[in-house]
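Undergrad: As you go down the protein sequences, you meet chains A and B in turn. So for the first sequence, numbering that gives the first Met the number 0 puts the first residue at 0; every next one is plus one. So for the second sequence, numbering that gives the first Met the number 0 puts the first residue at 0; every next one is plus one.
By construction, these hints were calculated from the structure, which means they are not laboratory data. All residues carry an ideal CB built from backbone N, CA and C; glycine is no exception. Please note: incorrect hints may appear among the correct ones.
[As the list claims (entries may be wrong)] Partial chain A-side listing against chain B, Cβ under 8 Å, derived:
no.	residue
1	F52
2	D124
3	A131
4	M132
5	W222
[Unchecked claim] Calculated Cβ distances over 10 Å to all of chain A for the following chain B residues:
no.	residue
6	N48
7	R74
8	I81
9	G85
10	K107
11	H133
12	P167
13	G211
14	D222
15	H277
16	E292
17	E310
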Amino acid sequence: MSALYQAAAVAQTGEALIRWDWVMRHDERIRALFLDHVELTAIPVLLGLAIAFPLSLSAVRWPRLYAPLLAGTGLLFTIPSLALFVLLLPFTGLSRTTAIIPLTLYTLLVLTRNIVEGFRGVSDDVSEAAEAMGYTRPRRLVNVELPLALPVIIAGVRIATVTTVGLVTVTAVIGQGGLGRLFLEGLRFRDTTPLLVGVAGCIVLAVLADLALLAAERHMTPWTRRARS
Amino acid sequence: MITFESVTKRFPDGTVAVDDLTLEIPAGEVVVFVGPSGCGKTTTLRMINRMVEPSSGRITVDGQDALAMAPPQLRRRIGYVIQQIGLFPHRTVADNIATVPTLLGWDKRRKEERTAELMHLVGLPEEAARRYPHQLSGGQRQRVGVARALAVDPPIMLMDEPFGAVDPIVRARLQEEFLRLQAEVRKTIAFVTHDIDEAIRMGDRIAIFAQGGALQQYDTPRDLLSDPVNLFVEEFLGEERGLKRLALIGVSEVTAETGPVVSPDDRGRRALEVARSHGTDWVVVVRDSGKLEGWASLHELSDDQRVDEGEIRPFALQVDAGDSLRAALNAMVMSHTGVAVRVSEGGVYEGILTQELISKEIR
C-alpha cells in the first residue's frame, strides 16, 4: 500500500511514472534480475515436484494418508513467509537457501493436491484393463496412469509457478528476490520507475511461464487436443 | 483348457462369492457363466487371470497351475474383454491393439502387421488406426477391445458382459460376428453374462450359478433346456423353454417326411388319392425336376382337372438345412397347410416338417 501511496505522491509532483532513460541505463541489471527471478521460481517448483510426487503416490496407494497430507501441506501454506525467514536465518543466513526453502514448501499444497487428484481421476476401468493386460505395477503407473493424470498435474504446476513468481519478490527482504529487489529500490528512493519495471517483469514472467507450461501440456497430451476437433 | 478344483473365494468381510467350485472348460469351447447378480460369476472369471485370488482350491490354465505363475506373465497369455472395455484414452486405436505386443517387446514392424491383421479380422476400417478411442462409436470401441485381447493370439479369452454396453441391434451383430470369429480362431473362452438368451446363443456349455456362488448346473444349452436339475435353473431359464430349445436344433437334424406330393400335370383324382393317404386336404406340387411349385387345395380341384389348371399357392415361408426348428415352427403357424416345407438351395423340394415332429423334439 505504502508503495502505491508514494507512487501516487510522486506522480502528483508532475514527474513521469517511468523514466525510460533509467530503464536503458539499467537494462543489463534488469536482465540479470529477471534471470535470477526465473531461477528462484524454477528451483522451488522443481524441488516441490520432487517432494510432492512420492508423497502423492503414497497417498494414492494408501488413501488414508491423503487427509493428513493435505492438512500438513495446508498448514505449511499458512505460515507467513517473513516468519519462516526469521526461523531459518540462524541456520541458513541471508542465503539463497533461506529463500528457496519457504518457496518450495508453499508449492506443496497445490502440487500434492493436483497430483493425487490427477491419479484418482484415472478411470478404474482403464487401470484394471492395464492390469489385466499384464502390466506390472510400476509400468502401469508410468505408461498408463501418469499420462492420463498429466492434464491435472500440469494444471497444478501452472498454479504453483504463477504463485511462486509473485512470492519470490518477498525474498528481497533477505537479499534475494529477483525483480523484487527493484521494489525495495523504488521504495528507498521514492522512485516509481524501478517499481513499475519490477511489476511488469513479474507479469511478463508469469504469463510466459504459464504459456510455456500450457504448450508443454498440449504437446504431451495430444489425445485431449483431438477431443475438441 | 481351464480347470477349477474345489475353488472357494471368501472375501475379508466373510461373504462367500464362489463356493467349492469344480469345473472344466474344455479347449476351444465357449463356456458361459450365467446367473443373477451376486452369484459370483464375475469373481469366478477374474480368478482365472488372478485379478481375484482364490481363498482355497486350485486353478489350472492349459495344465499349468495359475497360482504358481507371476500374474503379469499369466495375464499376457489370457485375452480379457470387459463391458466397460477400458481402452487407453491416451493411445491411438493401433497402439491400444498393440498393448500386449508392446509389453512383450515385439519390434515395430511385427506390431504394425499384426495390428492391421486384427483390425481387418474384427472389421475396423484401416483409417481408424490413428484415431483415439473417444472418436469411435460404441460398437467400434468394443471391436478394438476384442482386437486388443486377441493381439498375441492368446489361447484363452475371458469376456465379462462384453456386449452389455451397446444397443440391442449392435449387440446382435457383435454376437454374430463373435460366433463367426470363434468358429475361425477356436479359443478357449470363459464368458460372463446375466442374460440367459445370450448364454444360450453363445455358449457351447453353460454354467448356471445361484447366489453365494453355488454352481447349479453345468451342461450344454440343449441339455440344460430339456433337463433343468432344479426349480432355480428352471426359473432362470425362463418362459418358453421349449421354444428356446427348438432354436438350438437344426432342421438338418430331423428327418423330413415325404408329404403328399403330386406333379403339376397330375389330375385331381390322383391328388385326392395322395392327400387322403396322408390325411390332408391339400397337396404339395413339385415339378419332375424336383423344383417346388407350391401347394394346392383339394376343394378347388375337380377329378379330371389338371393340378396346374387350378390355383397353386406359394408357401409363404420355407426352411432349409441352415434353419432351426424354431424357424420351422414359425413357418408352420404362418402357413394354411400347418406344416413347414423344407427346400434345398435352388428351391428343390426336400420334404415337410410337421407339428408332431416338433412336439416330439420338445418333449
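Undergrad: So, for every hint listed, does it hold in this structure?
TA: Evaluated hints:
no. : hint : result
1   : F52  : violated (19 Å)
2   : D124 : holds (4 Å)
3   : A131 : holds (4 Å)
4   : M132 : holds (5 Å)
5   : W222 : holds (5 Å)
6   : N48  : violated (6 Å)
7   : R74  : violated (4 Å)
8   : I81  : violated (7 Å)
9   : G85  : violated (3 Å)
10  : K107 : holds (17 Å)
11  : H133 : violated (6 Å)
12  : P167 : holds (22 Å)
13  : G211 : holds (25 Å)
14  : D222 : holds (32 Å)
15  : H277 : holds (61 Å)
16  : E292 : holds (58 Å)
17  : E310 : holds (63 Å)
Comparing the model with each numbered hint stated earlier shows that hints 1, 6, 7, 8, 9, 11 do not hold.
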